[in-house]
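Colleague: Sequence:
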Amino acid sequence: MSATALPHSGLDRDADSDKAPRPTLLSFAERSSLAVRLTLSMVAGGLLCIALIWRVVFPADQSLSELVAGLAALLVTVPVMTAAWDSLRHPSLHGMSDQLVALALLACWATGDLITAAILPIVMIIGHVLEERSLLGSREAIGALGRLVQSNARRLTADGRSEEVPTQALRIGDRIQLHAGDRVPVDGMILDGAASIDTASLTGESVPIEVQAGQPIMAGSVNLDGSLVVEVTSIGDDTTLGKIVALMHEAEAAKPPVTRLLEAYSGHYMVLILLVAAGVWFATGSTAAMLAVLVASCPCALVLAAPATAVAAIAVAARHGILIKGSAFLEQLAEVTSVVFDKTGTVTSGKLNLVGLHAMPGVAEGEMMALAASLGAESNHPVSRALAGIVQPELHLPLHEAREDRGLGMHARLGEDRIAMGRPALLASFGIVAHDMPDHDGPMVALSRGSRFLGWLMLADEPRPESFEALEDLRQLGLRRQILLTGDRAKVAQRIGRQLGIGDICADALPEQKMHRVLDEVQQGFKPMVIGDGINDSLALKAGAVGVAMGAQGTDVALASADLVLMTSDLRRLATCIRLSRRCRRTIHMNVAFGLGWTIILIVLAACGLLGAEGAIIAAVVHNFSTLVGMANSGRLLLFDETVAVPQAPTTSLAGAAAVA
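Residue numbers (the numbering used here): 13 to 673.
Rather than coming from a laboratory, the hints here were simulated on the basis of the structure. A couple of the hints might just be wrong.
Calculated pairs, DSSO-like style, for lysine-lysine (alpha carbon to alpha carbon, straight line, at most 30 Å) [stated by the list, open to error]:
no. : residue 1 : residue 2
1   : K554      : K539
2   : K503      : K554
3   : K539      : K503
4   : K554      : K363
5   : K363      : K503
Make the full structure from the sequences, and use the hints.
Modeller: Here it is in structure tokens:
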């Protein structure tokens with residue numbers, strides 16, 4: 013029997029939405045249909061047992077036995093014929109099995125073989141139920157995402173009271189309160205409080221993240237400790253979790269390439285099987301052999317070989333924080349031969365960090381860092397934000413009269429001294445000369461106190477802590493051709509490339525130039541995997557064999573252009589993607605080879621009459637066994653597990669100096 017296409021699971025819609033919530037796994041109508049067919053097969057099985065017992069006990073009187081067997085056959089023939097008729101109206105690869113079984117049943121009725129006419133549908137229906145149960149295992153992993161936020165929330169009223177409301181009743185702008193142990197029902201911005209948040213169900217990361225006021229929080233994550241007040245920013249399908257489920261829907265509905273190939277030749281296959289069955293009947297005159305050929309040729313094992321494996325792989329990927337938009341990308345990912353990286357926000361953190369100090373003689377580095385952090389805390393400029401965190405807040409100095417001169421820097425008073433930090437022009441306005449400028453390819457700021465020039469602070473956007481391991485892991489997988497493609501300056505790109513061991517660097521590239529560079533890679537015969545996170549990467553993501561967006565910081569345009577989305581910034585997930593896709597491809601090839609080989613052997617045995625007088629029943633049992641073997645092999649993918657934690661940035665000598673200060 014064919015496997016019913018299972019619907020998607022999803023988040024509940026908004027309360028005022030005109031769309032009904034999407035069912036989870038099986039709709040009511042599908043559950044009812046499956047239950048009716050299973051019930052009919054069980055009743056028919058009971059009647060069949062009575063008919064067989066009567067035949068043994070009263071061999072001289074077969075009329076009642078035939079009548080009961082006919083009733084049993086009729087009960088299970090109706091749903092089979094209905095399914096076959098539906099498959100004729102809506103042709104599909106799954107429907108071919110229904111049509112072949114229906115032809116076998118018609119032949120049984122025509123020849124008066126009512127026992128076979130009853131047993132055959134019973135065996136096929138039971139096999140179909142087992143196939144559905146196998147598929148539900150992997151799809152349950154997808155459906156579970158949609159149930160993460162199906163709960164109540166504590167909404168704060170205007171007068172500060174807390175009221176319990178369903179998640180669907182929340183609206184953008186509402187304020188909710190989260191206690192320790194609560195699951196976050198919607199996307200929001202933390203207004204008050206601090207806590208550790210577990211995002212494992214969304215990103216696959218086992219290490220909780222620390223959040224505080226001013227930071228975003230995602231639906232589906234869990235508040236481990238602390239109390240938070242959160243303002244709702246997204247609800248329903250617009251939340252991060254809602255987008256994840258939508259992407260899973262797209263991936264589940266997509267057909268693997270092997271399935272599309274089988275569908276293209278399904279008509280030829282049906283004609284071939286009918287010719288073989290007719291030839292067997294004319295050559296042997298054996299109806300049993302002909303029926304066995306029809307049943308043995310049901311391509312269930314082939315039909316489910318790729319979809320079952322793809323659904324399992326997609327569920328495993330989601331568990332690792334990897335969203336795959338279609339099963340076709342699984343096979344493409346297994347075939348990539350080169351990797352193209354964006355720089356900022358992809359292989360680097362996208363944030364400035366203090367990487368060096370150039371202090372004047374007699375100036376302590378700890379003093380410079382404390383002054384720079386204190387001034388940086390008074391501004392929202394990216395350089396100031398980077399410097400504000402180089403020492404602990406309790407080590408910040410008591411400044412007053414802080415002022416920011418746009419484009420120049422910051423200055424303030426510390427006791428009787430004026431502290432200035434910024435461009436040399438800012439210090440010059442106070443009569444201070446900034447000299448001995450070091451050679452540095454990133455941002456630099458000069459620092460002075462009173463009338464004395466203290467030195468330079470050098471900043472840079474550094475590689476992510478896991479980038480080195482991630483790129484080496486890709487090289488071990490055979491992806492040694494790695495390209496750094498960035499719109500940043502050549503000097504900066506070359507420094508990052510040297511640190512990461514990437515020799516092929518394309519800098520100062522506009523979005524169109526990035527796309528052309530990727531297309532050149534394709535024209536040279538490579539299949540590039542392109543990784544990026546910004547709007548300027550969207551064209552390149554589309555041009556590559558597989559586009560991967562960094563979902564944690566990625567823009568909506570990049571996410572829409574990509575084929576895969578990494579929900580975290582952990583680049584080691586790229587190697588996980590490759591290994592999973594290659595294992596998925598091997599599993600599909602194994603299932604297809606096993607299913608095809610088993611089907612051919614079964615057809616040959618049936619055509620030669622080696623399955624005996626009850627060949628159709630034997631073929632049905634063996635056929636379902638082969639299908640379940642393939643499903644079990646696909647289910648082994650669910651054991652794939654490479655969940656790892658993002659490493660913390662190592663403590664630098666500068667951080668150590670800050671602690672001393």
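Colleague: Run every hint past the structure and note whether it holds.
Modeller: Quick rundown of the hints versus the structure:
| no. | hint | verdict |
| --- | --- | --- |
| 1 | K554 to K539 | 13 Å, holds |
| 2 | K503 to K554 | 27 Å, holds |
| 3 | K539 to K503 | 28 Å, holds |
| 4 | K554 to K363 | 26 Å, holds |
| 5 | K363 to K503 | 18 Å, holds |
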